[in-house]
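Student: Fit chain L to the known structure of chain Z by using the hints.
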Amino acid sequence: MTESFRGRLRRLRRESDEDPPRSAEERVANEAPAPRRELSLELRGRLRGAQAKRRTQAPAPASPDDGGLWPRSIAELGGIEVVARGATEDECFAARTTWFHEAWRHGEWRLLEIDAADAADFHVTTGDARLADLDLRRAVYLDTETTGLSGGAGTSVFMIGLGRFVGDRFELWQGFLRSPAEERELLAECAQRIARSAGVVSFFGKSFDRHRLEDKMRVHGVTPPFDAVPHLDLCHPLRRLYRAALPDARLRTMESELVGVQRADDLPGAYAPEAWFDFLAGRPHRVEGVFQHNLDDVLSLATLAAHLGRSSAETRADGSPLTGCPSARAAGLAKSHQSTRDRDAALAWLERALERTRNADRARDLALERAEALRLARRDADSLAAYRDLAAAPQDRHSPAILLGLAKLVEHHTKDRAGALELCRTALCVLDRQLVGGSYARLKRELTARIARLSNGA
Amino acid sequence: MRDRSGLGPLEEGEERRAPARGGRRRSGAKGDVLSIVRELRSDAELGGCFEHWRETPARPARVAAFPARLDQRLVDLLRARGLTELYEHQARAIDAALDGRDVLIATPTASGKTLCYTLPVMQKLIEAEGAARALFLFPTKALSQDQSTGLAALVQELGADWHAFTYDGDTPPSVRRTLRDRGHMILTNPWMLHQGILPNHAKWAELFRDLRFIVIDEVHTMSGVFGSSVANVLRRLVRIARHYGSDPKFICCSATIRDGAQHTARLIGREPVLVDEDGSPAGARIFGVFNPPMLNPVAGLRANALEEARRLARHLCGSGHQTIFFCKRRTAVEVLTRYLKEGAAEFGLKPEEVRGYRGGYLPDLRREIEAGLRTGEVKVVVSTNALELGIDIGALDVACLVGYPGSQASFWQRAGRVGRRKKPSLVVQIAQSDPVDQFLARHPDHLFGSPKERLSLDPDNLVLLSEQLKCAAFELPFRAAEGGGLDDATYGGVQDADLILDYLAEESGFLHRRGDRWFWTADAYPAQDVSLEGNEPDNVVILDAQTEKAIGEIDREGSITAVHEGAIYQVEGETWKVERFDYKNRRAYARRVDSDYFTDAHTDTEVRVLRLERRATRSRTDAPVADPVQPDELASLGHEDGFPQHGEDHAIWRGEVHVTTVATLYKKIRFYTRENVGAEDINLPAEELDTEAFVLTLSDASAAELGLAGGDRGAAWHGIGALMRRVAPLYLRCGPRDLGISTQVRSPHFGCPALFLYDRVQGGVGLSDLLYGDARSVLEAALDVAEGCACERGCPACVGPPEEVGPSGKQTAVRILRHLASGIGTTEVDDLEDHAPDELGAALA
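First to last, the protein sequences are chains Z and L. Using our numbering, the first residue of the first sequence is number 8, and each one after it goes up by one. Using our numbering, the first residue of the second sequence is number 1220, and each one after it goes up by one.
If we strip away everything but chain Z, and leave its shape as in the complex, we get (with noise of 0.2 Å):
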């Protein structure tokens, strides 16, 4: 009787039981008349009985997974444990914790080294003040498994995985959703683990993981503990430290380049939706995949904050130089030094990235951007060789930047507005001329309204 009732919800919806048509024959055959699907009143009144019969008995039968608190589908998995937290089957979740030696090495990084990193690294990389005393050994770190990118009430976080150092050891646990009725129970825990913690270290955690776990703690009424703690997102430092030398800013590639993690069998992060969804059908075989796959990001999240805090001292604790391009992270490190204001530093960054380019090109915008931090530390004499020096150099792409730079310090250092509208102007036609990059409209806008300026005054 249940097909009668489906059969008029599909013929309504349209929705044709052999969609998709697969073949290009069985395309020609649908493009006949559907065959009509219409209900008959005998049919009609056979499933009103049964519909009406089906409410007055019991509820309908439970599905095989339901005959104990262990689906069957879950125990060949090993090490799994069940976490019961209250009296009924929806109060429970399952976990499986590994144990790793603080001394177990994860791709061509220990784990211990997190005990070298310094945390003023994470506050000049980030511009976070409450990371500069983030104590890695009492941090969590936080990777999770969802059912979609999309966000919104229904996508779900099915797996959680948890990293901490205990003693000499890193307990790595994964909550696990065996349905999606564990979940409240799960990030309960999520949410005690997180509180207890002194910082959260994820990668794009602040602006992923973080938002699917607290729509979801609000949705179940469980305070999100995120406010509380500081939280280190390696995503955007590494990105700026590193970006410039590597095709993109994934966890893959930063872990594969920075920290030498070499996957194999990888069971790729798109796919873990479709391996939950095949669990809860009651096809576990690809989530073991997922369990592997969430722990390698764990680790991975552990090695990548201890190479994070020896940004700055470029080596590793043993001495042995760090891994990364070099001049890349010399640059990044200027620019992060230049948006907390440390103008020295930054400088010093500069020098040395300047140094260890061989790019010709590069090292025209690393001069430039000296130049700049030069009058920006208030070294205008400096700064004004600088550019004089660089505007010496055939014109190029960088030429209204270099010239707009030098006709700033012409006026303010030097004092001669004549000289420095006459820059403009060049740089004004120089930039006409070459309609190039992503910076031409702010250079326009700039020259434009400084020359409007100087011609005023004159």
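Please keep in mind that the hints were generated in silico from the structure rather than gathered at the bench. Be aware that one or more of the hints could be misleading.
Stated by the list, open to error - Simulated DEER-style distance windows between Cβ atoms:
no., chain 1, residue 1, chain 2, residue 2, range
1, Z, 347, L, 1379, 35 to 43 Å
2, Z, 403, L, 1768, 39 to 47 Å
3, L, 1803, Z, 275, 25 to 33 Å
Note that CB positions come from ideal geometry on N, CA and C, so glycine has one too.
Tutor: Only chain L this time, still in chain Z's reference frame:
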């Protein structure tokens, strides 16, 4: 001196504007509405075209004291604004809302509805010391902007730290978070609620935890597919609010509509307290119905309404008062605005004092025109329905409606744009050739009595319901109730909801059922793909074949006749020829051509009865055919023996049908001459529609006596159906296009003449029910139009032109309608079982 809204800045109050308007402009007799009426009545050319004049006398206010429980600060604030008491209906509404009841306020435009919901919300905020929230739903963005400004001003005067924010597609992402956390009053629209707020309810937890009121303005706009979808969005809203522990009450506002409380109950799922006795004062209002002169009585052709509006403008426009023209289409607005600007000098106006107004104008321009209307600088405005809803433009003096707007609610909203308390106002309705316009021109009482239209709404339409359940399941899991059905505050009572969830779990894979619960388990965001207006994904986009830029869109059902290969598709006078119709991907490619013909596609529609649910009949004994055709004529029809005077005369039915529409061929018809210059076949798959229908059947005996037979005369039967479809909007809120029609002179199912009017929405949204309930009224209106039409043998304004209904079509149609619409009505019977299709078919074979 009172400001009706209670919210507008002081200078916007109507009387207070009077001094600023000055005696200068009002010096001439022109400014006086009464003298305009005198002029019109005595005008040799125009006067005769006014078929009716009617005056509603001035009405004093009925007032009541502020409810005692209103906080003194609120009362003081209103007093400071010059408001010393409330209108009776305002006091009642506020009391009911503060009592925790759901309320519907159904009073005319400008009766002070805003205050009815503002004060309860403010009162609750005061009582809860800010720990209360309210959500306001407006049908347009402009309305919510207007209202949030007013609310913010009120809060500021109260000196409270509350915030009223508009949340819509224009809200920048950067401020959305502040607004979610700090907005005490969120003003939004159903679409934003559906796609933005509900699916992200966790981000709105603050709002839902303390949600006290849901204010819905203009609920009469929520009918049909849209209304049925909104009803489900509201179910979802209440469901989420309950989840966070709040129990919000509804305050709904509406124009005066028939069965408003019933409609609202279906919309919000609860019975509201109805407040519909308008206590606001009004000046005298004069209505004139202008029927353009008949140009060709044989063809039933009248002068163009827009041209007539232009002629009337000489009298209606002037420097001493403000006039608003309402047109049905945007192009008409532009044309009339141009005419009036050109002729401005003739009315003593400057061209810039005449403005057009419609959707599509930029917001700044619209605000400027609205302000001009409020200050009195704009003397004449020509608008579409864009100015019909509650945008504050102050009260004007003269309204001219070019054509009936299609519904009573719209008519009164438009008429409500004029009327100051101390001055009479004038409303002129220009009738078009349309059957409804002509009916109303003869029976203006239809408009003035109690409202006649019912709104259709069916939140349980299976298609809409299943889509909305998908969205709801995304938002929160569902739980089954013991013994079947759902354990859910809002969807619990909805039949088959559990079966739909199982369907979505097992066949579509969106949900996962575990034990007694359904969980959303798909990587998707369903609200994005579910439209409130119906099946948009099925619409066909018409693209410029050269640039692939979209030039138009057409619904699924219309596509096979409008964008088949070879069709001429017209956009604002331009002609495009469809080169290719990619049926599967819902795209049609057209090329701009200068065509001297248009195309007219023919379709075959087959309606098959799936199920009959209700039936009402009349017997031949109760109402014999008064004037049967002569025996020799019967003989020519093959019935020389005559008929027994008993048995069934006719019946009406309501049921479920399957409609198959095939486009067969199209004709190329030359513009103007309407000469047929060729025909070609159309090769497209049939459109299938499962829906609900109203059916009218006429017994063979009565049909024969009334002269209805196959062939030529069958066209009369179709003419009746077409006319019923055209006049149906007098009794139910729909456009003629919302109903499909099919007639059979010998129905294979019923074995006699049958006429089907079906809901053109997959699954139906309740129109057939309403038709069934008002069938007699619709038949009477159809008869009235056909009889009253001056044409000889049928015209587009009644049963259709003679080319369609045949030479004697009108005569036959009128005879049948006269028979059906006189005598006693039909009686509901409960013997559907006897009419199972097979038995009937066998009996009649």
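Student: Failing hints, ascending?
Tutor: none
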